[in-house]
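K.L.:
Spelled out, the chains give:
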Amino acid sequence: MELDKAYQENVNDLYRYLFSLSKDHYIAEDLVQEAFYRAYLQLEDYEISNIRAWLFKVAYHAFIDYQRKNKRLVIQGQMEEPGRHSEETPERRLLEKESFQLLLKDIHSLKEGERHVLLLCDLHQLTYNEAAEILEMNINTLKSQLHRGRQKVMNKVKERMKADER
Amino acid sequence: MELGIKKKGGSKRLPTISGFLSFLIALISLAGLNVTLLLKTPGFPAVFLIQLPLVGLFLGIIGQVTQKRSRLYAIWGLSLSIFLLIFTLLMVVSSLGINYKP
Amino acid sequence: MSDEKNSFEEDYQQYLKESLHEVSNLNHYSKEGQTEIVTIGKNMARRTNIMISLAILLLIVPIMTLSTYMYYAIGGKADHLIDVVTKTIYVTEPNMSLKPLELEDDISFFSMNINFDVFKRIGKEDYKAGNYDIDFLLDQPSFPKKNMLLDRQLPEFPSKESEVMIHPKANIPFNEADQWDILHKIPDGTVAEVYVSLNELMKPDDLKNSLPKNMELRWLAVDTGIDADQVNKEGVPITPLGYPAQYDPTTWSPFRTYEGPNEEVFLDILSLLSKNEAVAEKVARAKSLSLGSRLAYIQKHGVKVYGAVITGPTVELRKLQDVKEIRALKVGEVKLWNWE
Numbered sequence: 001m002e003l004d005k006a007y008q009e010n011v012n013d014l015y016r017y018l019f020s021l022s023k024d025h026y027i028a029e030d031l032v033q034e035a036f037y038r039a040y041l042q043l044e045d046y047e048i049s050n051i052r053a054w055l056f057k058v059a060y061h062a063f064i065d066y067q068r069k070n071k072r073l074v075i076q077g078q079m080e081e082p083g084r085h086s087e088e089t090p091e092r093r094l095l096e097k098e099s100f101q102l103l104l105k106d107i108h109s110l111k112e113g114e115r116h117v118l119l120l121c122d123l124h125q126l127t128y129n130e131a132a133e134i135l136e137m138n139i140n141t142l143k144s145q146l147h148r149g150r151q152k153v154m155n156k157v158k159e160r161m162k163a164d165e166r
Numbered sequence: 001m002e003l004g005i006k007k008k009g010g011s012k013r014l015p016t017i018s019g020f021l022s023f024l025i026a027l028i029s030l031a032g033l034n035v036t037l038l039l040k041t042p043g044f045p046a047v048f049l050i051q052l053p054l055v056g057l058f059l060g061i062i063g064q065v066t067q068k069r070s071r072l073y074a075i076w077g078l079s080l081s082i083f084l085l086i087f088t089l090l091m092v093v094s095s096l097g098i099n100y101k102p
Numbered sequence: 001m002s003d004e005k006n007s008f009e010e011d012y013q014q015y016l017k018e019s020l021h022e023v024s025n026l027n028h029y030s031k032e033g034q035t036e037i038v039t040i041g042k043n044m045a046r047r048t049n050i051m052i053s054l055a056i057l058l059l060i061v062p063i064m065t066l067s068t069y070m071y072y073a074i075g076g077k078a079d080h081l082i083d084v085v086t087k088t089i090y091v092t093e094p095n096m097s098l099k100p101l102e103l104e105d106d107i108s109f110f111s112m113n114i115n116f117d118v119f120k121r122i123g124k125e126d127y128k129a130g131n132y133d134i135d136f137l138l139d140q141p142s143f144p145k146k147n148m149l150l151d152r153q154l155p156e157f158p159s160k161e162s163e164v165m166i167h168p169k170a171n172i173p174f175n176e177a178d179q180w181d182i183l184h185k186i187p188d189g190t191v192a193e194v195y196v197s198l199n200e201l202m203k204p205d206d207l208k209n210s211l212p213k214n215m216e217l218r219w220l221a222v223d224t225g226i227d228a229d230q231v232n233k234e235g236v237p238i239t240p241l242g243y244p245a246q247y248d249p250t251t252w253s254p255f256r257t258y259e260g261p262n263e264e265v266f267l268d269i270l271s272l273l274s275k276n277e278a279v280a281e282k283v284a285r286a287k288s289l290s291l292g293s294r295l296a297y298i299q300k301h302g303v304k305v306y307g308a309v310i311t312g313p314t315v316e317l318r319k320l321q322d323v324k325e326i327r328a329l330k331v332g333e334v335k336l337w338n339w340e
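Taken in order, these protein sequences are the chains called A, B and C.
Taking the numbering used here, I'd label the letters of the first sequence as residues 1 to 166.
Taking the numbering used here, I'd label the letters of the second sequence as residues 1 to 102.
Taking the numbering used here, I'd label the letters of the third sequence as residues 1 to 340.
Bear in mind the hints are in silico, worked out from the structure with no lab data behind them.
Glycine is no exception: its CB is placed at the ideal position from the N, C-alpha and C atoms.
Heads up, a few of these hints could be off.
[Stated by the list, open to error] Computed footprint of chain B on chain C; a stretch qualifies when at least three of its residues, placed anywhere within it, have a C-beta under 8 Å from a C-beta of chain B:
hint, stretch
1, 39-53
2, 56-63
3, 67-74
4, 78-86
[Stated by the list, open to error] Here are the computed distance ranges between Cβ atoms for each label pair:
hint, chain 1, residue 1, chain 2, residue 2, range
5, A, I64, B, I17, 22 to 28 Å
6, A, I64, B, F44, 33 to 39 Å
7, B, Y100, C, D126, 20 to 26 Å
8, C, K169, B, F44, 58 to 64 Å
9, B, A46, A, H108, 52 to 58 Å
10, B, F44, A, K69, 23 to 29 Å
11, C, Q299, B, V35, 52 to 58 Å
12, B, K40, A, I64, 30 to 36 Å
[Said to hold, decoys possible] Mimicking DMTMM-like on lysine to aspartate or glutamate, the simulated pairs with C-alpha atoms at most 25 Å apart in a straight line are:
hint, chain 1, residue 1, chain 2, residue 2
13, B, K101, C, D106
14, C, K31, A, D30
15, A, K5, C, E234
16, A, K111, C, E9
17, A, K5, C, E32
18, C, K31, A, D65
19, A, K156, C, E36
20, A, K158, C, E36
21, C, K42, A, D30
22, B, K101, C, D117
23, B, K40, C, D133
24, C, K17, A, D13
25, C, K17, A, E9
26, A, K156, C, D178
27, A, K111, C, D11
28, A, K105, C, E36
29, C, K31, A, D4
With the rest of the complex left out, here is chain A:
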């Protein structure tokens, strides 16, 4: 039961993470469900110290598997410009926040490795150790990718600011 509660507290976090990964409301919803399904498949009563990080790991793998299975679909999904739905959906609300949308766009323009690191460490505030665990990479590699990613994002922001000034 405690596990259920702990899981419930992370539902919205996972949704935001999966949305930031897929940029599609439906995919994110599906994958949230998938992630919890997998989480329960792997353990039901097991005690783990860091449930949040572990759930992120499950969600990350759910997304990677999804991406692998549906390469074509993802590309299509990216081409569909989101935010045009007439009804008031949460992802619309998310995307209405212009700066968030821009940040997401910037992050998605990065290389895959950097993108995942930035999403986990900055957008979702996981520690370096947790992120390294989830992505199964060396912590030093993670730090250097994070640094490079941040720099690139900042460069883009600066460019945009310059463009705006003009």
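Fit chains B and C to the known structure of chain A by using the hints.
P.N.:
Same frame as chain A, now just chains B and C:
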């Protein structure tokens, strides 16, 4: 646009159901097979060895035709059905190879 | 340099904070939605776990059954074992035959059970002599569970004292006069089976020719070099090896010989059994068959017999007393008249 996405969302459920049914049918046939093997009932349980696995096979193949949803059940249903059919074939062949009487 | 780096980091964190500030309070799922998604995930996972465990459990029995069948079927292993068992009976049990077509097998996990009846020809009829039930664990047989229906059954643990067909150089363990006496006291209207021991080694055909008419030679005990000692090198008692003297019309009988004498079949069987001696020794009454050396002896010296099983009307069998080649006789089964 909206409709297209909705459709995608709706159609994903159907293959899952067929996969689930396939798995379920395969399980039922397996259970039946277990009973006949353990109780050593005479005769050939064709329902469990041929009819149901064929249905399971068919549903399992339908279950494979999904892009989004997990194919886990369909894969299990399909492989169990194939196992049952191969089992039947091999059992018939090997029974003929043991103390065969014309 | 470090200043520049620091300012960049600060800028970035500032930017990040601004962007995240706006979205951090946006919750896509309501309280109910959260519970629902977790519950659905949990139930689905539970269902999957149950179904997969069930599938794995249910696969155990079919896979074990199938692998057992495959084990016995591939390379004709079961048929080979059955062959060894039945042929052992033909060459170690005097005047005993079986119907290979009626042998039944039953395969369960990693084991096979075979079950068959054995028969003795007494007079003109085959009488059911008993039933063999042998369990194999893979290719290892257990001792047969026998259920014999004979009045005068040969002992299950043979010894010198219980032997019925005796080599010319060995002592006769029973009183010959008593046996002739039995034969004379059996009523005339009966048929009987007798075990005879010869005065010297003979060729099978010579023996056939020296017998009176109106009786049938059933089984021949062949000299294998150690029959005079009646024990093998280690001192374990042995029983005669031999073969049916007549053409056997039973389907699948190894002695259903269209061409060539039974002797050749006998030698073939011995060489088959010598390759599967462990199985043969379980089935035979004698716990040692020493087939390698005995087969070599026969191949070197030819088939010479020192004993035989003869059946016929009791009246006719009494005439055997006058046959000079016969050293001793022991009476086996007796049945009511069926000769003509």
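K.L.:
All the hints need checking, so say for each whether the structure fits it.
P.N.:
Hints versus structure:
1. 39-53: Satisfied; 3 residues make the cut.
2. 56-63: holds (count 4)
3. 67-74: Holds: 5 residues of the stretch 67-74 of chain C have a Cβ under 8 Å from chain B.
4. 78-86: It holds: at least three residues are needed, and the stretch 78-86 of chain C offers 3 whose Cβ sits within less than 8 Å of chain B.
5. I64(A) <-> I17(B): 22 to 28 Å: Once the Cβ atoms are compared, 26 Å apart, the range 22 to 28 Å for I17(B) and I64(A) holds.
6. I64(A) <-> F44(B): 33 to 39 Å: Hint violated: Cβ distance 47 Å, outside 33 to 39 Å.
7. Y100(B) <-> D126(C): 20 to 26 Å: 24 Å, holds
8. K169(C) <-> F44(B): 58 to 64 Å: Once the Cβ atoms are compared, 60 Å apart, the range 58 to 64 Å for F44(B) and K169(C) holds.
9. A46(B) <-> H108(A): 52 to 58 Å: About 57 Å separates the Cβ atoms of A46(B) and H108(A), which means 52 to 58 Å holds.
10. F44(B) <-> K69(A): 23 to 29 Å: The hint (23 to 29 Å, Cβ to Cβ) is violated, given that F44(B) and K69(A) are roughly 40 Å apart.
11. Q299(C) <-> V35(B): 52 to 58 Å: For Q299(C) and V35(B) the Cβ distance comes to about 55 Å; the hint holds.
12. K40(B) <-> I64(A): 30 to 36 Å: Roughly 49 Å apart at Cβ, these two residues miss the hinted range, so it is violated.
13. K101(B) <-> D106(C): 14 Å, holds
14. K31(C) <-> D30(A): 18 Å, holds
15. K5(A) <-> E234(C): Judged against 25 Å, a Cα distance of about 78 Å means the pair is violated.
16. K111(A) <-> E9(C): Holds, at about 20 Å.
17. K5(A) <-> E32(C): Judged against 25 Å, a Cα distance of about 12 Å means the pair holds.
18. K31(C) <-> D65(A): 28 Å, violated
19. K156(A) <-> E36(C): 40 Å, violated
20. K158(A) <-> E36(C): 43 Å, violated
21. K42(C) <-> D30(A): 15 Å, holds
22. K101(B) <-> D117(C): 17 Å, holds
23. K40(B) <-> D133(C): 19 Å, holds
24. K17(C) <-> D13(A): 17 Å, holds
25. K17(C) <-> E9(A): This hinted pair holds, its Cα atoms lying about 22 Å apart.
26. K156(A) <-> D178(C): This hinted pair is violated, its Cα atoms lying about 121 Å apart.
27. K111(A) <-> D11(C): Holds: K111(A) and D11(C) sit about 22 Å apart, inside 25 Å.
28. K105(A) <-> E36(C): Violated - the C-alpha atoms of E36(C) and K105(A) are around 31 Å apart, more than 25 Å.
29. K31(C) <-> D4(A): 13 Å, holds
Consistency with the previously given hints fails for numbers 6, 10, 12, 15, 18, 19, 20, 26 and 28, ordered from lowest to highest.
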